[in-house]
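We have chain W already, so just place chain F on it with the hints.
Line by line, the protein sequences give chains W and F. Going by numbering that gives the first Met the number 0, the first residue of the first sequence is number 0, and it counts up by one from there. Going by numbering that gives the first Met the number 0, the first residue of the second sequence is number 0, and it counts up by one from there.
Keep in mind that a hint or two might mislead.
[What the hints assert, rightly or not] Taking lysine-lysine and the DSS-like style, the derived pairs with C-alpha atoms no more than 27 Å apart in a straight line are:
hint: 1; chain 1: F; residue 1: K285; chain 2: F; residue 2: K322
hint: 2; chain 1: F; residue 1: K86; chain 2: W; residue 2: K86
hint: 3; chain 1: F; residue 1: K86; chain 2: F; residue 2: K136
hint: 4; chain 1: W; residue 1: K86; chain 2: F; residue 2: K242
hint: 5; chain 1: W; residue 1: K169; chain 2: W; residue 2: K86
hint: 6; chain 1: W; residue 1: K86; chain 2: F; residue 2: K169
hint: 7; chain 1: W; residue 1: K136; chain 2: F; residue 2: K86
hint: 8; chain 1: W; residue 1: K195; chain 2: W; residue 2: K163
hint: 9; chain 1: F; residue 1: K86; chain 2: W; residue 2: K242
hint: 10; chain 1: W; residue 1: K138; chain 2: F; residue 2: K86
hint: 11; chain 1: F; residue 1: K47; chain 2: F; residue 2: K271
hint: 12; chain 1: W; residue 1: K11; chain 2: W; residue 2: K271
hint: 13; chain 1: F; residue 1: K271; chain 2: W; residue 2: K110
hint: 14; chain 1: F; residue 1: K271; chain 2: W; residue 2: K86
hint: 15; chain 1: F; residue 1: K242; chain 2: F; residue 2: K136
hint: 16; chain 1: F; residue 1: K242; chain 2: W; residue 2: K242
[What the hints assert, rightly or not] These stretches of chain W come out as covered by chain F in the derived footprint (C-beta under 8 Å, 3 or more residues):
hint: 17; stretch: 13-26
hint: 18; stretch: 66-76
hint: 19; stretch: 91-104
hint: 20; stretch: 164-178
hint: 21; stretch: 242-253
[Stated by the list, open to error] Partial selection, computed: residues in chain F whose CB lies under 10 Å from chain W:
hint: 22; residue: D23
hint: 23; residue: N26
hint: 24; residue: A70
hint: 25; residue: L74
hint: 26; residue: E85
hint: 27; residue: P223
Hints in this document: simulated from the structure, not taken from any laboratory. Virtual Cβ for every residue (Gly too), placed ideally from N, Cα, C.
Number of protein chains: 2
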Amino acid sequence: MSQGVPGTPPPKLFLDTLARVSADPRNCGYAENVGERSLREAVVQEMKVAYGGADGNGEVDVTAEDVAITAGCNLAFFASAMAVAEKGDEVILPVPWYFNHEMTLTSLGIKIVTLQTSPERAFQPSPEDCERLITPKTKAIVLVTPNNPTGAIYPPSLIASFAKLAHAHKIALILDETYRDFLNSAHLPPHHLFSKSSVILPTDWSWRSTIIHLFSFSKSYCIPGHRVGLICASSSLIPQLNKALDNIQICAPRPPQLALASVLPQLRPFVKDVAGALERRHTLFKDSLPSRWKVGAQGGYYAFVQHPFKGVDAMVVCERLAKEMGVVCLPAGFFGPVGEGGERWVRFSVANVDDERVRLVCERLKESEETFGWEIES
Amino acid sequence: MSQGVPGTPPPKLFLDTLARVSADPRNCGYAENVGERSLREAVVQEMKVAYGGADGNGEVDVTAEDVAITAGCNLAFFASAMAVAEKGDEVILPVPWYFNHEMTLTSLGIKIVTLQTSPERAFQPSPEDCERLITPKTKAIVLVTPNNPTGAIYPPSLIASFAKLAHAHKIALILDETYRDFLNSAHLPPHHLFSKSSVILPTDWSWRSTIIHLFSFSKSYCIPGHRVGLICASSSLIPQLNKALDNIQICAPRPPQLALASVLPQLRPFVKDVAGALERRHTLFKDSLPSRWKVGAQGGYYAFVQHPFKGVDAMVVCERLAKEMGVVCLPAGFFGPVGEGGERWVRFSVANVDDERVRLVCERLKESEETFGWEIES
Chain W
0 MSQGVPGTPP PKLFLDTLAR VSADPRNCGY AENVGERSLR EAVVQEMKVA YGGADGNGEV
60 DVTAEDVAIT AGCNLAFFAS AMAVAEKGDE VILPVPWYFN HEMTLTSLGI KIVTLQTSPE
120 RAFQPSPEDC ERLITPKTKA IVLVTPNNPT GAIYPPSLIA SFAKLAHAHK IALILDETYR
180 DFLNSAHLPP HHLFSKSSVI LPTDWSWRST IIHLFSFSKS YCIPGHRVGL ICASSSLIPQ
240 LNKALDNIQI CAPRPPQLAL ASVLPQLRPF VKDVAGALER RHTLFKDSLP SRWKVGAQGG
300 YYAFVQHPFK GVDAMVVCER LAKEMGVVCL PAGFFGPVGE GGERWVRFSV ANVDDERVRL
360 VCERLKESEE TFGWEIES
Chain F
0 MSQGVPGTPP PKLFLDTLAR VSADPRNCGY AENVGERSLR EAVVQEMKVA YGGADGNGEV
60 DVTAEDVAIT AGCNLAFFAS AMAVAEKGDE VILPVPWYFN HEMTLTSLGI KIVTLQTSPE
120 RAFQPSPEDC ERLITPKTKA IVLVTPNNPT GAIYPPSLIA SFAKLAHAHK IALILDETYR
180 DFLNSAHLPP HHLFSKSSVI LPTDWSWRST IIHLFSFSKS YCIPGHRVGL ICASSSLIPQ
240 LNKALDNIQI CAPRPPQLAL ASVLPQLRPF VKDVAGALER RHTLFKDSLP SRWKVGAQGG
300 YYAFVQHPFK GVDAMVVCER LAKEMGVVCL PAGFFGPVGE GGERWVRFSV ANVDDERVRL
360 VCERLKESEE TFGWEIES
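The shape of chain W in the complex, shown without the other chains (with noise of 0.2 Å):
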C-alpha cells in the first residue's frame, strides 16, 4: 500500500480513441507548445464542472488562454517552480511534502521554507503560521489538496485563506489539485478562487494574480504512462511559462492530448466512478484498522496513520511491516522532516489495492501489535 499509482485500467472509451488518433499521420507532429487548444476547451468545460457545480453552469472565469497542458503533472510543477522563482529565492511548502517538489525545489537551488502541520490540526496547514515565514525572498507557497502525502483534505475557506495571504504579500499561490476529482460531494466544490463572484472572497477578487493552479491526468483518467498535465494560471503568465515549457517539453505528447480532447465531458460517469470506489475502500480501510492504529488525515489516495508503536520510528516499523508481515507503506520521514512526535506517522496509499487486500493489510497490522514485542501505546 505504498504506491500512489491507480489501481484500475482506463475507460475503454479512451484507449479506443487514443487507438484511433494513434494510427493517424496526422497526429505525428508536433502540437502547439501550450497544448492542442481542442484539449484545453474541454479542460476549461471540466474545470466549469468542477468548480462550479455539477450541470458546469457555475460562474468559472476561466478560459482556454490561462491553459497549458504539460507532460505529467511534475512537469507542470517544475516549469512552474522555474516561472516564479530563481536560486536563492525562497518557496513555502508544508511538511510533509510531496518529494518531488522538494527535489524540483532543491535541483533548482530554490530555498525552501517548511511550514510545519500536525495531527493536531488534522494536517491542515496554518496560514497565521504560514504568513510569519514570508520575506522579502518569498516567491511562491504550494498547496497539495487532497494532500500527498497525508490525505488531508483543505476546505474551500483555508483555501482562500492561503490565496488572499498569497494575493495581499504578491507572491504565488501554487495549488496542486492531482487529486482533486476524489472529493465528494460533501466537499465540492474543492474550492472558490476560479468563481467570479465568492462571498469568502473580496469582491475585486482576480485569482489571475496570484493562483497557479495544477492538475494531473494520470489519476481521474488512470494514465499516468501517457504523461499529460496541465498549469492553468493567469494568461499574463502563460507566455512566461510556456518559455520554460518550450525548453523543457517542447510540447506534451499529442495523441494522448487528441484523444482526451474529444472524450472528456463522456467520462465524467468514469471519474465518478473511480472517486467512488476510493471512496468505499478508504472507510473499509477506517473501519478495518485496529483500534490503535490511528488516523489523523484521509482523502485523495492517500490516509495517514500513527502506528501505536511507543517510542519507535515508523521508519523501522515499515521495514519490519515489509519484510516479516509483507505490508508495503511508507514511513512520514520519507516526507520531509517530521516535528515533534511525527515520527510515528505512516502513509499508506488505498489506491492500488482491492478491498479483500486491505482487510488483509490490517489483520497483518492487528498481528504486529504482538509479534513485533514493542510496547503499545494505551
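Only chain F this time, still in chain W's reference frame:
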C-alpha cells in the same frame, strides 16, 4: 523553409504498432523512470549499426544501462545541463547555436561561453579556440552534429579532438546527435567515440568518463509529436540524471516507447529512405540556388547560406523575403551573437518542403536580387 520539422509521415508499421499498444490497458501505467527496458535494449542495437558499421557488428561499447529515455531530446538536454552544471557555472556553446540550448542554459542560470564558428572554416568549431575558453568554472562543451542551425557536419576526427579536450579537462562533452541518421555513407560512422578500439583515440579511452550523447526519435522516425528522445551516458551518471528526470518527467510517454522498441530494426530502410530523400533535396537546393547566394554549410535538415546583399542585415532580408516573396527563412541573428560578417547568413530548412517548392524558392531568391533594389556583392 524555416521549420525544423519532418516533411514525411511516419512509417505505417510504427503507426499500426502504436495504435495496438495504445489500446492495451496494460500500457497505461508509469514506465520505469529511465525508460522501457525493451526500448533501451533496442536502442543499443541501433547504436551498434549507427556507430559500428552497417552490419551492426562493430565493436560498440554501449549497454542498456547507459541509456535513459526522455520525453523528447530537449528534455534530454535540459536534464543533462542540470546534471553537470548549476547556476554560476559555465558551459561552452558554439555559435550559431540551437536557441533552445541557449534558453535552457540561461533559464538555469548557467553562464554561456560562446565559441564562435565562421564561414572560413565552414562553421566547424575549433578545439584550440575552445581550449582557450575553458576555466575552472567550465562544466561542459556542447556540440550539435549535424549542426542546427548551420547544417555543418563535424568529422569524426574533430569530434575526437573535442572528446579528448573534454576528457583532459575533466568536463562533459554533450553531443546532440538529433540529425545523426541523415549522414550519407561518406560521413559514416558519425564518430568513433563509442568504439572499443579506435585508432584516433588513446588506447585507454573510455567514452563514459566524458560523453553525454543525446538523440531524438522525432526526426529519424518522423514522430516529433510523440516526444521520445534519449540520453546515453555512463551508467554511473545515469542515476544522477535519473533524479533530474524523475522530477521533470517521471517517465517518457509509454506507448510510443513500446511501439518503437518492437519495430526499430524493421524501420532501418525507412530511415535510409528519408535520409536519401533529404540528401537529394540538399543537392537540388544547392544546384538551384542563384550563384550569388553562397552555401556555407549543409547537412541534416539545414543549409546555411550567405545572401548577396552588400551591407544588409539578414534580419531585414528575411523580413522582406517573407513579406514580399512568401519565402520564410531565419536570419543568423536568431541563433546567437553573429561574428564579423555574420549578419549576412540565413538558415534554410530543406526537411519540410518538396522538390518543386525548393526550385520555386530559389527562383524567388533570384527575383529578389532585382526586386529588392539593394547593391549586390560581386
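Each hint tested on the structure:
1. F:K285 with F:K322: Distance of about 24 Å is within 27 Å: holds.
2. F:K86 with W:K86: Holds, at about 7 Å.
3. F:K86 with F:K136: 11 Å, holds
4. W:K86 with F:K242: 18 Å, holds
5. W:K169 with W:K86: Roughly 19 Å separates the two Cα atoms, so the pair holds.
6. W:K86 with F:K169: 25 Å, holds
7. W:K136 with F:K86: 17 Å, holds
8. W:K195 with W:K163: At roughly 15 Å apart (the allowed maximum being 27 Å), K163 (chain W) and K195 (chain W) satisfy the hint.
9. F:K86 with W:K242: 18 Å, holds
10. W:K138 with F:K86: 18 Å, holds
11. F:K47 with F:K271: 16 Å, holds
12. W:K11 with W:K271: At roughly 15 Å apart (the allowed maximum being 27 Å), K271 (chain W) and K11 (chain W) satisfy the hint.
13. F:K271 with W:K110: Given that 27 Å is the threshold and the Cα spacing comes to 50 Å, the pair is violated.
14. F:K271 with W:K86: Outside the cut-off at roughly 45 Å; violated.
15. F:K242 with F:K136: Roughly 23 Å separates the two Cα atoms, so the pair holds.
16. F:K242 with W:K242: At roughly 23 Å apart (the allowed maximum being 27 Å), K242 (chain W) and K242 (chain F) satisfy the hint.
17. 13-26: That given contact holds, which follows from 11 residues of the stretch 13-26 of chain W lying within Cβ reach (below 8 Å) of chain F.
18. 66-76: holds (count 4)
19. 91-104: holds (count 3)
20. 164-178: Since 0 is below three, the answer is violated.
21. 242-253: holds (count 11)
22. D23: 8 Å, holds
23. N26: Status holds, d = 6 Å.
24. A70: 5 Å, holds
25. L74: Result: holds, 6 Å to nearest chain W Cβ.
26. E85: 6 Å, holds
27. P223: 5 Å, holds
Hint check: violations occur at hints 13, 14 and 20; the rest are consistent with the structure.
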